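Colleague: The lines below spell out each chain.
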Amino acid sequence: MASPMMTRDAMQQLSTRILAMNTADEMRVNITSGASGNTRFAAGDITTSGDVEDTVISITSTVGGRRASSTTNLMDDASLKRAVETAERLARLSPVDPELVPELGPQQYQTINANNADVSNLDAGARAQAVEQLIAAARAPGGAMPIDPASLFVAGFLDASSAARGIATSKGLFAYHASTDVSLSCTARTPDGTGSGYAAAGGRAWTTVDPAGLGRRAAQKALASRNPVAIEPGRYTVILEPRAVADFVPLLMGSFNARSADEGRSPFSRKGGGTRLGEKIADERVTLLSDPFDPDLLGQPFDNDGLPLKRVVWIENGVLRNLAYSRFWAAKKGVEPNSGGGGGGGGGFGRNPAGLKLTGGTRSVDELIAGTSRGVLVTHFFYIRSLDPRTVQLTGLTRDGTFLIENGRITRSIKNFRWNDSPLLSLARLADIGKAEPVESGVVMPALKINDFTFSSLSDAV
Amino acid sequence: MTSRRDFLKTAAIGAVAAAGTARIARADTLLNPWSTSTGDPMANEVALAAIQAAKDAGASYSDARVGRYRRQFVAAREHQITGVSDSESFGIGVRALVNGAWGFAATRDVSREGAVRVAQQAVKVARAAKAVTHTPVVLAPTPAVTGSWRTPVQQDPIDVPIEDKVALLLAANEAALKVPGVRFANSGLALLREEKTLATTDGTLITQTFVRVGPSFTVTAIGDGDFQSYTEEMAPRGSGWEYVTSLDMVGNAPRWAAIAAEKLTAKSVDVGRYDLILDPTNLWLTIHESVGHATELDRARGYEADYAGTTFVAPPEKMLGKLKYGSRLMNIQADRTQKDSLSRCAWDDEGVAADSWLLIKDGVFHDYQTVRDQAPAIAPLNGVNHSHGCSFADSWDSVQFQRMPNVSLLPGEHDTTIDDIIADTDNGVVIKNRGSWSIDQQRYNFQFSGQAFYEVKKGKITGMLKDVAYQARTPDFWSSMDMIGGKRSYWMGGTFTDGKGQPSQSSSVSHGCVPARFRQVNIINTARNV
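Heads up: the protein sequence lines correspond to chains A and B, in order.
First residue of the first sequence? That's 1 in the numbering used here, and the numbers climb one at a time after it.
First residue of the second sequence? That's 1001 in the numbering used here, and the numbers climb one at a time after it.
Relax, there's no trap hidden among the hints.
If the Cβ cut is set under 10 Å, some of the chain A residues that face chain B in the computed set are:
#: 1; residue: 36
#: 2; residue: 45
#: 3; residue: 126
#: 4; residue: 129
#: 5; residue: 153
#: 6; residue: 155
#: 7; residue: 188
#: 8; residue: 425
It should be emphasised that the hints constitute simulated quantities derived from the structure, not laboratory data.
Since the structure is predicted, the reported quantities are computational estimates derived from the model, not experimental observations.
Here a beta-carbon is modelled for each residue, glycine too, at the ideal position from N, C-alpha and C.
Produce the complete structure using the sequences and hints provided.
Modeller: Structure, rendered in structure tokens:
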């Protein structure tokens, strides 16, 4: 892209310019500047491809215990002044916020190098080349193919972005972090419409992605999943591949909100009051953590307020160790804050800026399969929604490669299922745990073998 | 599936602004949607410069959209305001077709120079894509149009004083919290004004201003080791502030709160097959998922295979006029014309005039939703040579693609009400409002919940139920529909956040419907003991 993300100096200059316009008691400026390029393909052709650049400036003003924010992407002085005035005007008009915490002063941050030129340089030509490699590999002849692989329908998406985030406050805080993010996913479908396979990879660097390898894997799954047979819904031992685990387990994170637990509306509320901190809530092989400095995660060293983020172990050897405390709730409870101002454990969908890692064991997916007498192998999940927040009961579907395991090996392709189950209860029914691996930027998950997973109905979808 | 780019977009959604640019229009101007003038001269000039630059660089077709998106959010919990924000995002996105391949580029630099640079970039991206585009894009013809249109409103919601918005939410929460057992109340307002100028190399130059309002209200009651929430179905609309005030949030809040409290003592449902009576506040979303998304032509052609999925309504040659989708009572209309609806417009993001057509006719699949580069693929099958006008982009920095228009279940011939349906039902469950929703990637197997559930025995409501969800297979479900409401019971729901595409885009869409009965549907119990 023509205009790269803003440097630390440029961001500091811009924020200084905006802070000079402040007439409120306090001001915070959040800036996100970035560029992204994406290429989408289907039926073996590129269908859309685009390059986008933007800089978004958010101004949060506090006046007499009242706070409001305004956001703009216009950077001339008049527009910035208007945005500052809007935030201040809205703040003055808002009621006093009894939960307001002051803006932070200067903080110490450790630098995290999550910025890779191989991602920011991935232009439309390089992206097209990667897509071509992927499609060619998916359709390449080889082995005993039941159908001509050249007839496979291949669709997918490559997205590469660079973003710089900066925060400055009228109390002297300045934070800056630059990162890149790349992901490539693909779905191969057989021409008779009975087989579909999925593969995806991503991370901070382009080296985390092997386009040809992904194409081969999706094609192999598509071919192997042809003509699925229906087996009865019910409770099955399942092996969830790391991608499926990454669809499932991070959905727990919204439940780690300390305030909700204290208020009695969380699975981590203790009956009769208080929280379940210190209780065993999962199998002892389960350790779940966020750590921006973990080389596998390379998260962001601060939250939206500029609060430095640290390593937080949510579940340690099956025991609930930490809940997510916003600065307000932490002060009220006399503990250290450990998450963004909103107070969630990184939000309902696990996008914790500090990343999320479920530490694993040593076994490969193949070894987990070899150790299973009867079970279902799941490639990934689709359309997951909450059913009951009291137990984190969710519903969703399997997709793009669901197989029956019998006597330690995959014996046939089976129809997809709708499932109704809970990541929390599933972690308590763990049968085995695979080796953890990066799934996407800031997310590391192992394969999991779970007992008695509830498949509630069949889906005809391929 | 959230990307860094989503993050950027989310950051932008926190935004505000532009008190200085807010146009104070007179009420008569606000209510008259049409004008022959073409909006902001600066936006026109920049958009025209962009398409000319694309043409000069070798594009056979190009369009440019200059967009200014103004959004305001106010949120409250209990007795306090938890967020007030106002955002503005302004930029230009240019699409170029070169040798039958698409390219797109977008920038926040809305100047003549910025427009030329980004148009040349779009051409460069298209040339790179050409290497992996073997089937050239063909566009359905559309007449050139000029003019402007805006959502007719009595009061532009962005211009309403913030004090009024704050006072409304706090008063609604206050009223709810007086109900015994109710401990938490969350309310909010999402208010939008979007201005878009579109220029195309076919000679189109148009400006549209969309106004949308989305109020929300949720209460939570706490019982003995239990908690239950109730969210009122406050349909977002393409309307002004007058729609928000018409909902009487303060007056209704105690009634809504009482439902949450009542759920604490409701009977947990027994699993089994029941006759399901769906209120329009629940049915609209089932239509959205099981009919709206299933009849998108890009899904039928596999373009969404890697993300949102494909559809069982494929291939087109085996489906058009042939597939039995549901009972004869099922007539589903697509349109961008319904008053107060979210996807109402005068033209889509390719300059195609708003259309209205049937997707399902007397229970049989009739037609798809289309855009200019997809319509030619089925023209020999359905005889429709033009696009139905379903092209839409959620921002200046998103490329336009096929998005759902309003998709609505038309009323039955008789003046039937939900009470008539209840009176006619021996063993049923009534479901109101949207709860949880999930459907597979080909739109067969779905499972939906609600917010309030009532047991029906021998023609009467006998009590409240909880932990209810219904699960079915789309064609079986729609074939089981044997009773539907008449015109009087028509109601329109909708959403601001219909997700599709890579990178994921969010669109606003409404769904009108009447209450309906579905025979012998599988009901499951969603509760589980820890």
